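Asker: In case you want the letters, here they are:
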Amino acid sequence: MDVRVSFAELSKTYDELPMFPVFDIAHYILMILQLRNDAGVGAEALAESNALACWLCGMLSCFGGKIVANFLLGQPVIAAFNSTKHIITATIVWYLMFYSPWDVCYRIISTKLGKLLVYPIKEFSRAKKVASGVAQAAVVYPQGFAVMIIIGAVKGTGSLFIRNVERLLRGVWTPTSNEIMSPSATFKISVTCAFLLTVERMGYIPFPPEQIMFGLTMFIVPYKVSVILLKIGDPYVHVERALRPMLFKKRKRTDGEGQSGKKEATKDQKKKNNDKDSKKKAE
Amino acid sequence: MDVRVSFAELSKTYDELPMFPVFDIAHYILMILQLRNDAGVGAEALAESNALACWLCGMLSCFGGKIVANFLLGQPVIAAFNSTKHIITATIVWYLMFYSPWDVCYRIISTKLGKLLVYPIKEFSRAKKVASGVAQAAVVYPQGFAVMIIIGAVKGTGSLFIRNVERLLRGVWTPTSNEIMSPSATFKISVTCAFLLTVERMGYIPFPPEQIMFGLTMFIVPYKVSVILLKIGDPYVHVERALRPMLFKKRKRTDGEGQSGKKEATKDQKKKNNDKDSKKKAE
Amino acid sequence: MDVRVSFAELSKTYDELPMFPVFDIAHYILMILQLRNDAGVGAEALAESNALACWLCGMLSCFGGKIVANFLLGQPVIAAFNSTKHIITATIVWYLMFYSPWDVCYRIISTKLGKLLVYPIKEFSRAKKVASGVAQAAVVYPQGFAVMIIIGAVKGTGSLFIRNVERLLRGVWTPTSNEIMSPSATFKISVTCAFLLTVERMGYIPFPPEQIMFGLTMFIVPYKVSVILLKIGDPYVHVERALRPMLFKKRKRTDGEGQSGKKEATKDQKKKNNDKDSKKKAE
Chain F
1 MDVRVSFAEL SKTYDELPMF PVFDIAHYIL MILQLRNDAG VGAEALAESN
51 ALACWLCGML SCFGGKIVAN FLLGQPVIAA FNSTKHIITA TIVWYLMFYS
101 PWDVCYRIIS TKLGKLLVYP IKEFSRAKKV ASGVAQAAVV YPQGFAVMII
151 IGAVKGTGSL FIRNVERLLR GVWTPTSNEI MSPSATFKIS VTCAFLLTVE
201 RMGYIPFPPE QIMFGLTMFI VPYKVSVILL KIGDPYVHVE RALRPMLFKK
251 RKRTDGEGQS GKKEATKDQK KKNNDKDSKK KAE
Chain Z
1 MDVRVSFAEL SKTYDELPMF PVFDIAHYIL MILQLRNDAG VGAEALAESN
51 ALACWLCGML SCFGGKIVAN FLLGQPVIAA FNSTKHIITA TIVWYLMFYS
101 PWDVCYRIIS TKLGKLLVYP IKEFSRAKKV ASGVAQAAVV YPQGFAVMII
151 IGAVKGTGSL FIRNVERLLR GVWTPTSNEI MSPSATFKIS VTCAFLLTVE
201 RMGYIPFPPE QIMFGLTMFI VPYKVSVILL KIGDPYVHVE RALRPMLFKK
251 RKRTDGEGQS GKKEATKDQK KKNNDKDSKK KAE
Chain H
1 MDVRVSFAEL SKTYDELPMF PVFDIAHYIL MILQLRNDAG VGAEALAESN
51 ALACWLCGML SCFGGKIVAN FLLGQPVIAA FNSTKHIITA TIVWYLMFYS
101 PWDVCYRIIS TKLGKLLVYP IKEFSRAKKV ASGVAQAAVV YPQGFAVMII
151 IGAVKGTGSL FIRNVERLLR GVWTPTSNEI MSPSATFKIS VTCAFLLTVE
201 RMGYIPFPPE QIMFGLTMFI VPYKVSVILL KIGDPYVHVE RALRPMLFKK
251 RKRTDGEGQS GKKEATKDQK KKNNDKDSKK KAE
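Line order of the protein sequences matches chains F, Z and H.
Here full-length UniProt numbering is used: the first residue of the first sequence is 1, the next is one more, and so on.
Here full-length UniProt numbering is used: the first residue of the second sequence is 1, the next is one more, and so on.
Here full-length UniProt numbering is used: the first residue of the third sequence is 1, the next is one more, and so on.
Everything labelled a hint here was simulated from the structure, so no lab data went into it.
Predicted model, so just to flag it, every value in this text is computed and none were measured.
Careful: at least some of the hints might be erroneous.
A pair holds if it fits inside one copy or across any two, identical chains being indistinguishable in the list.
Lysine to any residue pairs mimicking SDA-like chemistry, simulated, CA-CA at most 20 Å apart [to be verified]:
#	residue 1	residue 2
1	Lys249	Thr91
2	Lys12	Ile25
3	Lys249	Pro18
4	Lys85	Tyr141
Modelling step: build the complete structure from the supplied sequences, incorporating the hints.
Answerer: So this is what it looks like as structure tokens:
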């Protein structure tokens, strides 16, 4: 059995792995972790004073991808709350992450070791989530190239898009920041994956979808591990830096030559800031 | 005929009472009243300078429960505007409440006597609204325990959930307050009702739904009357105060013992504030 | 052939004119122009630093009417992204308007001559857009008088209603201004058109719909040209000034007579400001 066959077989096994319970639980753990980190000092106060709002924020985080995807496709946004099995599992995870004695669960997951246990499992299943989004969109819009990419990316990046709504529920409103304004590496990876799967569905890639998914996963998991261990940055930054001047180049105005030189400088500085941002966000 | 039979018969009569016109008009009157009180001094200015925005805010308030429930269930949010009969009735109520000569309608309803006339009628029909929400959800998700409770509560508390959107329409944005952050007694009553009706639907309560609804109504109406007359507070506060330390207890951190003592104090103070709030909100 | 017959024939021709490509491209050009003008100095920075957000804002502007109408009718909001033909055309227009060398496209369209070329084409097709909205609503709600007017107006005024969402995507949040708070002449024209078409559909107007549409268009196009050339204001202001005291008159309170006199003065001043606003907005 050569390498090629075993890769095909592994891909098939990967495709057939069920999401529940292992991958879903890893997903819920990370989403609640991110919720607590996002709420910061307010998280503890919220959990004590208003368990209902805290629970709703948790559920929005856990089922964010499904909710946004359903909203865009005109399907019931509440569908995520239909599966009693999933909602109870997510509720248990939420409860343990917020109310465990001495906060033990949260503190274990927050360690580097805890992250190294949970993040790879989550990243391992990301490509499957993207694929489910592309498939969901393809049912409604078999020819909708853009729709498939958007829904795939939304399903893959889950809670990132519902973050602003979820914050609003806690009484925090941050209009100047959203996922589209400063996309994370995770989002860019999901877009790549959704793009490849959509192109494959259109018949332009001679590999079966599960091999694309598995091949990408082979990159995502080690990447995420090195983000946690080595604090490496967003790998897309280099591609963007090369493409941006070609595609979205500075428009030269005759009446603003001097000013434009200054702006160029600010731009470079901004790029540096972006690199720093990408390092933070990638983690 | 013993008490039991007559209760069953009354419940049946209650269940069969039509919502239109009496209960719907009482609902519209209260919603427009709340809108005017919420807008405060701005209400008069809005009514004069921009009748269109004022009317839309009024309709959002009147049909809030239906709009939010439909949104969550993936049904057309504009469906509320389909029934010409309801929209014309609501428009007449809106017009009378905002533009009556010498503001006579608004001033009559605002008196204690006016409230004592309209609030009980509204509260009398709340359980029916909750039941219609649970039934609407059950059609789409026969097994969706959480969905039925959510839609039932949303239908029962109507405009509370659309308040932030409605304010935005008037150019007022209050991100730090919403119904989930500081739930009113009305909302908690609706959740209780939705919960009981859902459990009954699952087959765990040996009473027919109309008896549950009527039994609850027998509590809600006198409660609301005493809120208006005696300014009593949220009855759930006591239950919450008992349950909170058991279920959502303070997590003890070894590194923050001293700090935690201080927080406990702030928490107690917060609770007192909550009690005050509840008094205000219950009205 | 008398005038009447030729008008009927012209109306028929008007009704049968396809939207794509000429009218759609004129629409896209204007929407991107308005987006750049709305973003002001931030537009250039956005286009360079975050092409993805810029593109999404552009698409939201171009397909705003469709997105909002679909949302209200419970149809998929992403449907606008399904037609690859339209999305590619809009993307090309967006690219040219933002990234053309020396910004040549934007600067040509921004001139008075450029506006005189594009605006009339756009206004020429507005009545057709309103009609498509009324028809879309009539399919779902054949008796929904209010629904047809709302959806017709939304389809006709397109991006105006999605502006706040689109701004949010760019990190700009303007809760105190929206289309409902300060409706533009364009919006009022669309409402008029939607109202007439709905009344016709109900059987109360003895003209076929295409003649109503064409008749209105004969007014809108010259009006828009005179707005660009002569800076004339909102023609509805005069009607409103006549109707407002009759329908939405000042409520007299016995306890605020003196105060009310003062308010009257402020009101008059406000009206003057409104007139100024209308001049600005009409353009």
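Asker: Taking each numbered hint in turn, which are not upheld by the structure, reported in ascending numerical order?
Answerer: 2, 3
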